[in-house]
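A.B. asks: If you read the sequences in order, they're chains E and X.
Heads up, the first sequence is in our numbering, so the first residue is 60 and it goes up one at a time.
Heads up, the second sequence is in our numbering, so the first residue is 2 and it goes up one at a time.
Keep in mind that the hints are not guaranteed to be accurate.
[What the hints assert, rightly or not] Computed cross-link-like contacts, SDA-like style, restricted to lysine to any residue with a CA-CA straight-line distance of at most 25 angstroms: (1) E/LYS180 / X/PRO111; (2) E/LYS125 / X/VAL479; (3) E/LYS180 / X/ASP148; (4) E/LYS125 / X/ARG201; (5) E/LYS259 / X/PRO94; (6) E/LYS204 / X/ILE143; (7) E/LYS180 / X/VAL109; (8) E/LYS204 / X/ALA139; (9) X/LYS486 / E/SER85; (10) X/LYS367 / X/SER355; (11) E/LYS168 / X/VAL479; (12) E/LYS258 / X/ASN472; (13) E/LYS125 / X/SER146; (14) E/LYS204 / X/TYR142; (15) E/LYS180 / X/TYR142; (16) X/LYS257 / E/PHE211; (17) E/LYS441 / X/PRO94; (18) E/LYS125 / X/ARG147; (19) E/LYS125 / X/SER355; (20) E/LYS168 / X/LEU295.
[What the hints assert, rightly or not] Pairwise CB distance ranges, derived in the manner of DEER restraints: (21) X/ALA334 / E/PRO133: 47 to 53 angstroms; (22) E/LYS180 / X/ASN315: 24 to 30 angstroms; (23) X/SER174 / E/ASP92: 50 to 56 angstroms; (24) E/ALA123 / X/SER174: 30 to 36 angstroms.
To be clear, the hints were calculated from the coordinates, so they are not data collected in a lab.
Yeah, the Cβ is synthetic: ideal placement off N, Cα and C, and Gly gets one too.
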Amino acid sequence: MVFEQEQEEVAPGAVHGHRLSTVVPSSVTGEVDYALADADLAFKLHYLRGVYYYPPGEVARGLATKVLKDPMFPWLDDYFPVAGRVRRAEQEAAGGEGDAGAPRRPYIKCNDCGVRIVEAKCDRDMDEWLRDDAPDRLRQLCYDKVLGPELFFSPLLYVQITNFKCGGLALGFSWAHLIGDVPSAVTCFNKWAQILSGKKPEDTVLTPLNKPVQGQSPAGVTAPRSVKQVGPIEDHWLVSAGRDMACYSFHVSDAVLKKLQQQQKGRHDAAAGTFELVSALAWQTVAKIRGGDVDTVTVVRTGAAARSGKSLANEMTVGYVASAGSSPAKTDVAELAALLAKNVVDETAAVAAFQGDVLVYGGANLTLMDMEQVNVYALEIKGLRPVHVEYGMDGVGEEGAVLVQPDADGRGRLVTAVLPRDEIDSLRAALGTALQVA
Amino acid sequence: MSMGSSAQLRRLKPLYQLVVNNILAIVAVPLAAAVLLRAASLGPEEILARALALRPAHMFLCAFLPAAATVLYLMLRPRAVYLVDYACFRTNPNCRVPFATFLEHSRVWPGFDERSVRFMTRLLERSGLGEETCLPYAQHYIPPSRDLESSRAEAELVIFSAIDDLLAKTGVSPQDIDILVVNCSLFAPTPSFTDMIMHRYGLRKDVRNVHLAGMGCSAGLISVELARNLLQVAPRGARALVVSTETITPNYYMGKERAMLLPNCLFRMGGAAALLSTDGAGARFRLAHVVRTLRGASDSAYHCVYQEEDDRGNVGINLSKDLMNIAGDALKANITAMGPLVLPASEQLLFALSFIARKVLNNRIKPYIPDFRTAFEHFCIHAGGRAVIDELQRSLTLSDEQVEASRMTLHRFGNTSSSSLWYELAYIEAKGRMRRGDRVWMIGFGSGFKCNSAAWECIRPAANADGPWANCIHRYPVHIPDVLKH
Numbered sequence: 060m061v062f063e064q065e066q067e068e069v070a071p072g073a074v075h076g077h078r079l080s081t082v083v084p085s086s087v088t089g090e091v092d093y094a095l096a097d098a099d100l101a102f103k104l105h106y107l108r109g110v111y112y113y114p115p116g117e118v119a120r121g122l123a124t125k126v127l128k129d130p131m132f133p134w135l136d137d138y139f140p141v142a143g144r145v146r147r148a149e150q151e152a153a154g155g156e157g158d159a160g161a162p163r164r165p166y167i168k169c170n171d172c173g174v175r176i177v178e179a180k181c182d183r184d185m186d187e188w189l190r191d192d193a194p195d196r197l198r199q200l201c202y203d204k205v206l207g208p209e210l211f212f213s214p215l216l217y218v219q220i221t222n223f224k225c226g227g228l229a230l231g232f233s234w235a236h237l238i239g240d241v242p243s244a245v246t247c248f249n250k251w252a253q254i255l256s257g258k259k260p261e262d263t264v265l266t267p268l269n270k271p272v273q274g275q276s277p278a279g280v281t282a283p284r285s286v287k288q289v290g291p292i293e294d295h296w297l298v299s300a301g302r303d304m305a306c307y308s309f310h311v312s313d314a315v316l317k318k319l320q321q322q323q324k325g326r327h328d329a330a331a332g333t334f335e336l337v338s339a340l341a342w343q344t345v346a347k348i349r350g351g352d353v354d355t356v357t358v359v360r361t362g363a364a365a366r367s368g369k370s371l372a373n374e375m376t377v378g379y380v381a382s383a384g385s386s387p388a389k390t391d392v393a394e395l396a397a398l399l400a401k402n403v404v405d406e407t408a409a410v411a412a413f414q415g416d417v418l419v420y421g422g423a424n425l426t427l428m429d430m431e432q433v434n435v436y437a438l439e440i441k442g443l444r445p446v447h448v449e450y451g452m453d454g455v456g457e458e459g460a461v462l463v464q465p466d467a468d469g470r471g472r473l474v475t476a477v478l479p480r481d482e483i484d485s486l487r488a489a490l491g492t493a494l495q496v497a
Numbered sequence: 002m003s004m005g006s007s008a009q010l011r012r013l014k015p016l017y018q019l020v021v022n023n024i025l026a027i028v029a030v031p032l033a034a035a036v037l038l039r040a041a042s043l044g045p046e047e048i049l050a051r052a053l054a055l056r057p058a059h060m061f062l063c064a065f066l067p068a069a070a071t072v073l074y075l076m077l078r079p080r081a082v083y084l085v086d087y088a089c090f091r092t093n094p095n096c097r098v099p100f101a102t103f104l105e106h107s108r109v110w111p112g113f114d115e116r117s118v119r120f121m122t123r124l125l126e127r128s129g130l131g132e133e134t135c136l137p138y139a140q141h142y143i144p145p146s147r148d149l150e151s152s153r154a155e156a157e158l159v160i161f162s163a164i165d166d167l168l169a170k171t172g173v174s175p176q177d178i179d180i181l182v183v184n185c186s187l188f189a190p191t192p193s194f195t196d197m198i199m200h201r202y203g204l205r206k207d208v209r210n211v212h213l214a215g216m217g218c219s220a221g222l223i224s225v226e227l228a229r230n231l232l233q234v235a236p237r238g239a240r241a242l243v244v245s246t247e248t249i250t251p252n253y254y255m256g257k258e259r260a261m262l263l264p265n266c267l268f269r270m271g272g273a274a275a276l277l278s279t280d281g282a283g284a285r286f287r288l289a290h291v292v293r294t295l296r297g298a299s300d301s302a303y304h305c306v307y308q309e310e311d312d313r314g315n316v317g318i319n320l321s322k323d324l325m326n327i328a329g330d331a332l333k334a335n336i337t338a339m340g341p342l343v344l345p346a347s348e349q350l351l352f353a354l355s356f357i358a359r360k361v362l363n364n365r366i367k368p369y370i371p372d373f374r375t376a377f378e379h380f381c382i383h384a385g386g387r388a389v390i391d392e393l394q395r396s397l398t399l400s401d402e403q404v405e406a407s408r409m410t411l412h413r414f415g416n417t418s419s420s421s422l423w424y425e426l427a428y429i430e431a432k433g434r435m436r437r438g439d440r441v442w443m444i445g446f447g448s449g450f451k452c453n454s455a456a457w458e459c460i461r462p463a464a465n466a467d468g469p470w471a472n473c474i475h476r477y478p479v480h481i482p483d484v485l486k487h
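The shape of chain X in the complex, shown without the other chains (with noise of 0.2 angstroms):
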């Protein structure tokens, strides 16, 4: 096509969505309009025979009918869930790891030889982490110590302060809650986290509790996904508190192999509590989709994160080298079941017309690449790591500032796996970018391989940049070079 006409279409684009996305109105209208004109040139004497002509059959049918349908709808339609409100695990400067530390660590203890620290120095530099990123206490040693004590401190001092916060914020009693969700992937002791967190705020016999294990960073939009279910056959009113996290401490990989060093790197302490609810009063957030796509069929999607035993017995996990092609598969897999979901007529309309072009006319039609800003606002995807986020911005075709959320919450807090989309969201709403009404996507990745997806729609704004990033969000955006010397 030549330059002309492409700048012409995309003058008209703005037009032609106007138009689609409104074409029941711009139906409607007409349409009553001929419809008061025929009503208008038969009289009102005319229209009262005809009505009186009727059967009282057909009129109570006019009436039942659409009531009755009206009604069922109403009925079965899925109960609406809102976020009520979330708190991040604020980290807490004693457990800072600066580059140096970690690097002077992997040196100095004997296990890992010189080429391991080689390729875990080049990861850092080039990993878009920064100075202040946490790891637990356990592991300011050398060697880290990776035991049961040190793992549940972890975990408790994680979820227990990021619940305190959430109750604080909410006002809601520990008595109030009938559902509960934790996802920790890598550590599941016993009594497991549901009943230790039972244990701590003494919350009620009946208390729908459930604890996920073994389900991947992606595991947050599980979690909530699952709330959501609980809360559609729980009594009105009912709330679930959702809370994800990742325990780092027994995790530390301490063998040689380089494609397991990769997660010692770029995993950070980090949870998150989110409380939910079927009653709106005071939330912040509804959730409008969840969608799940799940690629462990196929081979590749299976072995992409594999956790395994090195040839010395360092269990560690494994990350293959097609990483980014099959989370690129992945993420095209959920943006399909999506979309359809969430855009506007005019972008599912262009889809459908490429795809039909494509399909029938000539496959050399570059596709439709749906302009997915028009559905959303603001954007978290998973803070795997640099690359994922290089790869979701270039594949979704996002400005710089979309996934700056991304970036700044990889900078500041690692890969907090499951949480991370949470910490993004509290970037957001520090940053003051939320207002009423805004739709915020989140994108999850995970093991398995699972690419998660949930939309949200702004009810209330943050009210102040209290959370996770008071402290440091004057310091934020940051630009973050390809390579950080030291």
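Just chain E, with the same shape it has in the complex (with noise of 0.2 angstroms):
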């Protein structure tokens, strides 16, 4: 934990100044519960680290911090739940379902605990820092917390607000993926910048209530081919991977999305879509360098048609895709592509039934996170536009994961890929051949 501390040594360029304060929702909530669903504790040890840059002028200028505090208040009193904190349910007495043992179920207080806000310098132009390309920036711009040691005080949501050298702004969200998925994670931040830009967002929906799934997977059984069992896991929500991971995030050009979709041209299967193409791409590169060792890949996708309208749920899709035989380093792009189109062995509820603790980013398996539905580049403050926004994930497993998400233009894609830190420079070094357009 950083605190303002006047003598810091400060390497030169990197995030400093940290304060942090606490936001709360303007009205008594009542104290009330709010169940966590099978599917949220399925996803309960990934934390969604997303950072949007905002270029200098006028408008950055006067976004001081408490103009984006002050909407906060209201927007919390819609999305109380983020506010909480988790909690264990009372231990079942003796004879109840479960053994004695048995971890009690987490659920969230909404005890109007708050949302960590952190404030933060950094002595560069934001021009400079995009461009340095960095592995793992995301880290820097996004508090670096997860839920544990001390569960009952750990915020569900950090926001970071960097404010670069030449006036530009870092909006850095981490975001515990047990209380939502990518597109509530993502709803839930516009509509703060809706209340923040005078506008009213839609309602909020969080109801039904959440149960859990009848028909419990008995003891003993084994984890979903795409997730990797882990723990028991107490009350520090994080697996630590043997190996450091980093992200590292690319644009894949419109130009490159054209040449690969050229490439399925010919086939007599249906084409398949941008976020196959990309992942496709992405799962051979990540095949090559480490070998070829990749055989099946976990696949997480945003499936808009089946949302329950739900404001915080987890309800994407999880299945796994395993290559037919030949190693993915030596297979086709289009080929790899049409696997991940026809060939997903859906395990959502599975894994949702499971009783365990699992790992479904990177734990089994490479995973791929389809993230194209989701519109992050809507959260405009004050009718400024996100010059870039990325997106990655802490509490991956050492298999790693790959998001595809929108980049600025809606053209192209951004990727980014959460992988052991010594993988990020040979995976430069292939994307380098990878993604030339020629």
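Could you fit the two chains together into a complex? Lean on the hints.
C.D. replies: Set out below in structure tokens:
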């Protein structure tokens, strides 16, 4: 935890001067309990890290911290579970379901404890920062915390406001995946921006209340193939990977996409979409740098049609794809894309029903996450659109994860790879060739 | 005494009160009747003859002496002071501090150890504070900042909003203010708050302004008394603006002494502004009495609420364990002084008789506690903490409804120090309980140890519930459990 220290040794260009404060809902919620669905608990070990970059100028200059904080109070009135804290259910009476040693089910106590705001500074220009393309720059702009070790006092959301020397602004959101998936998170942040701009956002839907899935899987059953069982997890909800993980973002331009689409012409199966093409490219590249050992991938997608309309939910589909026989490093991108389009084995229900603690992202396999439908560039602050948005993830297992997002103009894609730090350089090199257009 | 006779005595009490309180009328009526009868028996000619027999000198004196005495009395009598109106700072939800947040901040900051955090948790649970109390912006940071600029910002926010509200309510222009008294105990920057107000509102060059610092939580009534005294010598119809507040930002205690952690848990943001005048036109209350009792001569009372540094150099306010006893003693002294001024004759007679009986006959006779409900309809007891209110309820034998204003103010606003009395008055008015002619007793306690009280009489109750309670009065009163578990 970094507190304001005047004599702090600051590495040149690093983000420093962190000041923490808290924002709470503006009215009393009344201490209700928010039950977590089984699907929510499946994702509890993961943390979304999203950064939005806003250009310097008149508007950014007018965005003092207080201006950014004030709309959060009514915002949290609607999203009061996000301001709550994790608790564990009271111990079942002896003879109740489950054995006495089973961990008690977590839930969110909506006690208005609030969301943590972090203010920080960076002595570099934002352009310079972006051009540098340093790996894991996300970690500096999103407050690097997880749920635990003091579970009861861990906020579910941190918002970091970083001011660059040029006047540019970066907003970093650290969101516990437990409380909602990427579409839920992005809608939540967009609503805050709407309140800030004076618009009235849509109503937040928090009903029907979550209920545990019926028909629990019996103890002793193995985890679904998409995920890896870990734990048991006590109060520190992070599985430290043996190796340091880092996020690295790269852009897949419109031209490259067109080339990939060209390559799959002539195939008699139906054309794969951009997510399949881009993630196939990433799959192939990772397989190459790992020397071929990436036969199965987990695929996490937002099926826009399948959403229930609840504002906070984990409703992404989880499945896996096994490459048929040949090593992905040697297979065509088009071939892999076709597999991703048609051969996904859906395990969403099995993952939710599974009793133990699991790692979805990077646990059992390299995980490909589809964020294409998520409108990240809609987070406009007083009409100011972000110039760049990148979403990464913390709590990812060693197998790694790849997140495919829309880019600034909507035609290309931004891909964030979460991989062991020592693989990042190889990835950069391999991408150099893969992303050439000619 | 047997049960039967004490029940009989209780039934006789209202008759007794009726007789004693109206003793003048009861004596005057028969006397006047006797005079008339005597005059009638003498006959008009006889009376005229006797009147003409009087010497002019006697007649002149008969007329002149009473007239002169009356005029002298009217001239030397202190001017009546009226409360034109008052306004309290309306808290903003942006400053709200729920329990969970307060406790989390204490845990997250490494300066507080485990024991201190547990102590503060237990304190908060039993404090009687609710989930909507407010702390200034700077105290939402971990750790809270206590710098001068943030302290000024808090003071300006509270004071200016209260004064803006008051000027809007009364329609008085800042140029019409003749006297300005501000009290803020623990923050007194240079230039003072009075200068800050002068600067912001453009008050006149000849305003009599005074800032009272270090006078503790009872300073609100000290300011009122000072304004009253200044109004006696100001031109007729002068107006005095009295502002009471406490600035919390610079006073957060960052150490580990348990007795000094209490103020962190109880003190919250708040302030009030009141306009007093000797011109009663349009006024809402009349100030009947102010009684101040100071116990600083005694060692234990002096050290009861004491600002000092702990072993590590952190400054905080040390509250002694005797606080309740000392408060009780100070209260007794105050009501002994206040009693003769406000109690009806019936109660004073009973008290005097019981006092004499104890002295002359037998010390084991229980002292008669005057029933202050005969003197006041409403009670505003400083919301210093749950223990203070409980103690006063017990000493004055007040009902739950009579201390409701204090308890609910503590719940909604916390301990706002000198302005808490004004929030309580606002509660009573927002609930629509104030009527013309109702008498209000404000009792404040503070470091020193001081117990100050003021008696007001209502001329015109508030027209609506507008004020600090506007958006939450419909939820009150709430039941406050003994321990609020989290």
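A.B. asks: Going through the numbered hints above, which ones does this structure break? Give me the numbers in ascending order.
C.D. replies: 2, 19 and 20
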